[in-house]
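6 protein chains.
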Amino acid sequence: MASIRPSPEQLKQLRELGAATVYEAQGAKGALDHGMKPIDPGVRLAGPAFTVDCRPADNLMLHYAVSKAQPGDVLVVDAKAFMEAGPWGDVLTLQAMHLGIAGLVINGCVRDANLIIELGFPVFCRGLSIKGTGKNQPGRVDVPVTIGDAVIRPGDIVLGDRDGVVVVPHNELESVIASSLAREEKESGQRQAIEQGVLTVELLGLTEALRRLGLQ
Amino acid sequence: MASIRPSPEQLKQLRELGAATVYEAQGAKGALDHGMKPIDPGVRLAGPAFTVDCRPADNLMLHYAVSKAQPGDVLVVDAKAFMEAGPWGDVLTLQAMHLGIAGLVINGCVRDANLIIELGFPVFCRGLSIKGTGKNQPGRVDVPVTIGDAVIRPGDIVLGDRDGVVVVPHNELESVIASSLAREEKESGQRQAIEQGVLTVELLGLTEALRRLGLQ
Amino acid sequence: MASIRPSPEQLKQLRELGAATVYEAQGAKGALDHGMKPIDPGVRLAGPAFTVDCRPADNLMLHYAVSKAQPGDVLVVDAKAFMEAGPWGDVLTLQAMHLGIAGLVINGCVRDANLIIELGFPVFCRGLSIKGTGKNQPGRVDVPVTIGDAVIRPGDIVLGDRDGVVVVPHNELESVIASSLAREEKESGQRQAIEQGVLTVELLGLTEALRRLGLQ
Amino acid sequence: MASIRPSPEQLKQLRELGAATVYEAQGAKGALDHGMKPIDPGVRLAGPAFTVDCRPADNLMLHYAVSKAQPGDVLVVDAKAFMEAGPWGDVLTLQAMHLGIAGLVINGCVRDANLIIELGFPVFCRGLSIKGTGKNQPGRVDVPVTIGDAVIRPGDIVLGDRDGVVVVPHNELESVIASSLAREEKESGQRQAIEQGVLTVELLGLTEALRRLGLQ
Amino acid sequence: MASIRPSPEQLKQLRELGAATVYEAQGAKGALDHGMKPIDPGVRLAGPAFTVDCRPADNLMLHYAVSKAQPGDVLVVDAKAFMEAGPWGDVLTLQAMHLGIAGLVINGCVRDANLIIELGFPVFCRGLSIKGTGKNQPGRVDVPVTIGDAVIRPGDIVLGDRDGVVVVPHNELESVIASSLAREEKESGQRQAIEQGVLTVELLGLTEALRRLGLQ
Amino acid sequence: MASIRPSPEQLKQLRELGAATVYEAQGAKGALDHGMKPIDPGVRLAGPAFTVDCRPADNLMLHYAVSKAQPGDVLVVDAKAFMEAGPWGDVLTLQAMHLGIAGLVINGCVRDANLIIELGFPVFCRGLSIKGTGKNQPGRVDVPVTIGDAVIRPGDIVLGDRDGVVVVPHNELESVIASSLAREEKESGQRQAIEQGVLTVELLGLTEALRRLGLQ
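Heads up: the protein sequence lines correspond to chains A, B, C, D, E and F, in order. Those letters in the first sequence? Residues 1 to 216, per our numbering, in order. Those letters in the second sequence? Residues 217 to 432, per our numbering, in order. Those letters in the third sequence? Residues 433 to 648, per our numbering, in order. Those letters in the fourth sequence? Residues 649 to 864, per our numbering, in order. Those letters in the fifth sequence? Residues 865 to 1080, per our numbering, in order. Those letters in the sixth sequence? Residues 1081 to 1296, per our numbering, in order.
By construction, these hints were calculated from the structure, which means they are not laboratory data. Accuracy of the hints is not assured; some may be wrong.
[Claimed, not checked] Listed below are the simulated BS3-like cross-link pairs for lysine-lysine, each with C-alpha atoms no more than 30 Å apart in a straight line: (1) A:Lys29 <-> E:Lys876; (2) F:Lys1109 <-> F:Lys1092; (3) E:Lys932 <-> E:Lys893; (4) D:Lys677 <-> D:Lys716; (5) D:Lys660 <-> D:Lys783; (6) D:Lys834 <-> E:Lys999; (7) C:Lys567 <-> D:Lys716; (8) B:Lys253 <-> D:Lys677; (9) F:Lys1092 <-> D:Lys716.
All values reported here derive from a predicted model rather than from experimental measurement.
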């Protein structure tokens, strides 16, 4: 699925803006559910999605996907939220890093977390499981997948940090970054106002809503 | 709801005593459930509760509450344990810190965790969620709220650390601190005894209970 | 239940090999479920199991078990996965450390986590709970217990790290270590191959499986 | 804790009004969480609460409570939401029915469900568990307990049906029944209006709220 | 969003085929998660989706949606899986039935279940909750919504029975029914074969797969 | 694994005794967790276990197992508690009934529940899922499996009813039935005593335990 890939500059901007800001800036959409978190809370990840739709407890499609992804891609894997298997571990991490893959977002668990953190490979997942997997099940790559209630399409830009993961449609990237920067600037103004003693109730224009409820 | 506020010394004592000790010292009551945890495990929080009863996925009442709380207050928010919204983030954190609010205990999620941790604002919650909220729903402040099976009344003293959160009725504060210190001293004696080789079975007088069960 | 105890050298080897490697090397068995995790993610624990089968929210049997375990033992406690009680805390930690107990694996929660981490006592559990317990219920020690779907027998070797916990039958320890080392060596070869550009699809012989699925 | 007990007529009215109506009529409060349900969905229960605060997996206090409750009482038991024990079964059911106890609301599981349903004893709980319990733990009766986020005080009126359970403070019973009947009448008018083609948007005066949101 | 609506004949066929058959016949896709179930297990529901994306614990958009849906529509509501509110009850049921709405699929809870079942209005949901809702929050109708990992678009055909809910893209309806009927016929042949003593291992051609695994 | 099979009379006795009675009679062991329930609550199942250890979301091993089980066997399948797949449905039900298999206990979900109930095939599981499965994964039959914390060995006797499932070691069957009948008789005496006004506190000898706690 051909699409213009984000520039290094854009990815850097995204990582600095952070997932929550980008989520709001693009109209409060695209966030994965709260259960998807980095195994190393300090990492920040941004890149285009290379998607994998596979079955739980089997990593045949993960090996396949790694061999098909491009450098800079983020593997986005729907492993069906099954918690009692770790289909991704040290070998796949080394393979992925060797091939220049930017990181992993997996709807499921991983293992070998000490090594993954030590190597600095960004992984977002539901937890850690030691349990092994088969290498037998079919699956699909480069197709839309759903995690939480977010649909991730191949080439969509994935952004993750401590708060979780948000997805930006690839054809909206430019405008979303622009909106995010505008939001940042607006929030910067709000921060100043707060420091000068303005209450958020005024700052965000909530007086009317509160009055309607008989408050304020 | 007027009540004599805890002194800085009392709050310092509470933070040093820790939530588990205070819980036991006041008769094994007042602990919130195990799902309420600090986003930065190293923080310690103590202060009188300013309570908020609101609906899930809406933070109008949080903005209102921040504007009504006193410096030193801990906001205690029942956001109904809904996990897919982060009604508290950077703007509210800055506002709260500017107003001298001591910290937040929220039955729900927050976002902008990197900034919150960096600023050192103590937050106890159920998790992190990027997802946004409305600013439309009514709610109440300064009323009793329930989190887990603990009822928190306005002015109750909230104490949180890595183990979780415990609540002390404000009119019991003095006696609870006294009991906690007594318990600390007793435990200090127990520690010495343990180091001298006394078994906890003897130390805690469990021999009789074990004998009744045919053990020992 | 008499059994030859593992040597310090064997335990050191296990800690270095890690739980995931040992799990695979012994035939993908013996892993506790994903919910059992260290409270300090950096810790590594290995030792023979001294098992405890007890009821939720009661720690009489824990005090009894500590008094019966041998130095070097890992207490493996089935507290029935109840989350709203912390039957293990500071006093039991001090007692256990004084007696040379190697660590704790508990199907339930603990408290006083700050102290436990500070003292460096390895604890694997489901979470942290402030809530206290009774000292009344019967139970059994030195019997098989089940956590997740893993059965742990007295004397089995318990190995835990960031990924979780795996159990090695004590009469298989020698061969499992040998298999683990062999696996390590094989993986070391795989790492070199990966660095030289071999794909895991080839390395692990997945081409045939992929072809059968119409891929590759 | 002495309180005027509800009359048979009042209890009959409550059972006919149903839990959801009474909940709304008393100001949208007092509902237990959604996990508390009748084991026989057709059953309806109303009566004053005789409360029990006990530990999980132990039913000593249940036997005690049954012997202390009055005919017509509803036992309201906080067994701490532990799912792997059934502290209530056939013997306690027979005992309770013999003593004229009206029913059971338990924050936990029960067993012998076939018999309970066959005998027509109303039980509201979280599920069914075969697993047995001890008879060792202390507890308290006739004290406020919390289930979900509802506080139930001794003598409060408990009302349960297929939708779940709601609690009415005993000193508000008369006014709550009055409000419920008024609400019923109002809803009866609404039903007629709906049948005559009026939309609920008009009926409930939602036009303004929708207009504010740019809808309608 | 204009689309050719399914004929009564097609809907009847779907209801008779059942959700599991249609799911398989359309290529093992479109099933909502296992938590979405009928409150009356005997009901069968089929119809085109009129979708609602709303916030948890607020039913303003439900009243709006009912007023906009067409007779025969199935309301498909994403109420964000929040369990502690019942945004749909008796009034909305009566309104919906009066307007000829075919049924409700809601990612959340409902209340007044006795009346809903008595009236025979088909409702698929996650559970029952007495708790009330606001009428304040914005939302959207006639947009794609996600429940479980299934995306439901306006006009897609929704099919529900005891097993759960499956969604058929409206432009695939004809072919899906054809495939389903073909599958039914094939299964009918399989049933006969089974009755004549053929094993499913042969019938489904699993001998080769088993041989590869060293079985059979 | 050869073992003397239970007689029809023994199985009948077990079904009449019920799971809870047998669980208690054999020393409060062998119960599966509370999540394992019959899809038709009225059903009663007893028979020797034919065990299957398989991966989630794959039913190759189920087809294999059905072809290897003996008439009267209960298939006991560990499908790893994965909820988003229904590896057992109409075809396997028909096959199993044709071969005289007595019923199914599966640590996972099933589908085609309407047909299964209509045919009267006893199924105990965690829920219903429409979602399909692969036919690719290896597994094992006739080996010990674990569900909840109960280990089920091939040939163990499985007993299920509305309360859930309990497992009797096959070499204990005779004595367990004897103990169960004795327990029944004892309970029958207790019932009479209760009807004559004896309190369970006396009947079960709880006076001493209550006195120790300062009650009674």
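message = To test your reading of the hints: which numbers does this structure violate?
response = 1, 5 and 9
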